[in-house]
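Student: Assemble the complex: chain X is given as a structure, and chain D must be docked to it using the hints.
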Amino acid sequence: SQTIHQWPATLVQPVGSPLSLECTVEGTSNPNLYWYRQAAGRGLQLLFYSVGIGQISSEVPQNLSASRPQDRQFILSSKKLLLSDSGFYLCAWSSGGAADTQYFGPGTRLTVL
Amino acid sequence: GNSVTQMEGPVTLSEEAFLTINCTYTATGYPSLFWYVQYPGEGLQLLLKATKADDKGSNKGFEATYRKETTSFHLEKGSVQVSDSAVYFCALSESRMKTSYDKVIFGPGTSLSVIP
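The listed protein sequences derive, respectively, from chains X and D. Sequential numbering from 1 applies to the first sequence in our numbering. Sequential numbering from 1 applies to the second sequence in our numbering.
Where hints are given, some of them may not hold.
EDC-like cross-link-like pairs, simulated, lysine to aspartate or glutamate; straight-line CA separation at most 20 Å [what the hints assert, rightly or not]:
| no. | chain 1 | residue 1 | chain 2 | residue 2 |
| --- | --- | --- | --- | --- |
| 1 | D | K56 | X | D100 |
| 2 | D | K49 | X | D100 |
| 3 | D | K52 | X | D100 |
If you are wondering where the hints come from, they were derived from the structure by calculation, not from laboratory data.
One chain only, chain X, in its complex shape (with noise of 0.2 Å):
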C-alpha cells in the first residue's frame, strides 16, 4: 500500500531563517506531487506541484520554493522566512490521470516568530 511520510511534524523557526520541508511517498512510482498551505482557520492553497522528475510548476508567487529531486521526494524550502509563512503545510500526491484522488500527508506545523 501507499504511504506519504512529511518531516518535521512541527518547527518553529525565526523570521529570516531558511526553511527545508521534506515529504515522501512509498510504495507507488512516478506520483503527481503537491505542497499545499493551510493558514489558521482557513481552506488550502495550492503552492506547487509536480508530475514529474525537476518538474515544478507554481501556483502563488512567493518566497518559497519547490524540488523534486527523486521520483517520490518533494522538498519545499525558502532562503528567508516571513512571519506570513507561518502555517499548516501540506505534501499529497495523486496517481495522475482525469480526476484522481489526492491523498495527504500528515502535515507539518510551521510557526515563525
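Tutor: Chain D in isolation, oriented as in the chain X frame:
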C-alpha cells in the same frame, strides 16, 4: 472559473443528531466531487467521492449524492458521534491528463463539533 462553496460553520450538534453540510459547485465540464475530512492536528483524509452525475459516495455512515441539476454534493449522516468532530472539505477535481496535474479545488471547510 471553477469554484466550490460550502457552509463554513462552525456547526455544533448533539450526539445522534442528523448532519447536513451543504456544498455547491461551479464547473465547466464534468468534474469529480469529493469530501475530505481533517481531524485536529492531522492531514486530510478522503471521506468519499463521486465521479459522475447521480453517483452516491458513501463511507463510515456518511453519504453524498452528485446532483448535476442543482450542482450540489451535500454531505449527510443520520446519527453523528463525538468522534466525527472534525473539519470537512468539499472539493472538485478538474479532469486533466497525466501530463498536466489533477487540480483539486477545495471549499473553505466546515468545522463540526459533536457534543455528548
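Student: Determine for every hint whether it applies to the structure shown.
Tutor: Verification of the supplied hints:
For a cut-off of 20 Å, the pair hint linking K56 of chain D to D100 of chain X stands: about 17 Å separates their Cα positions. Distance hint between K49 of chain D and D100 of chain X is fulfilled; the C-alpha atoms sit about 10 Å from each other, no more than 20 Å. Under the criterion of a C-alpha separation no larger than 20 Å, the hint pairing K52 of chain D with D100 of chain X is consistent with the structure, at around 13 Å.
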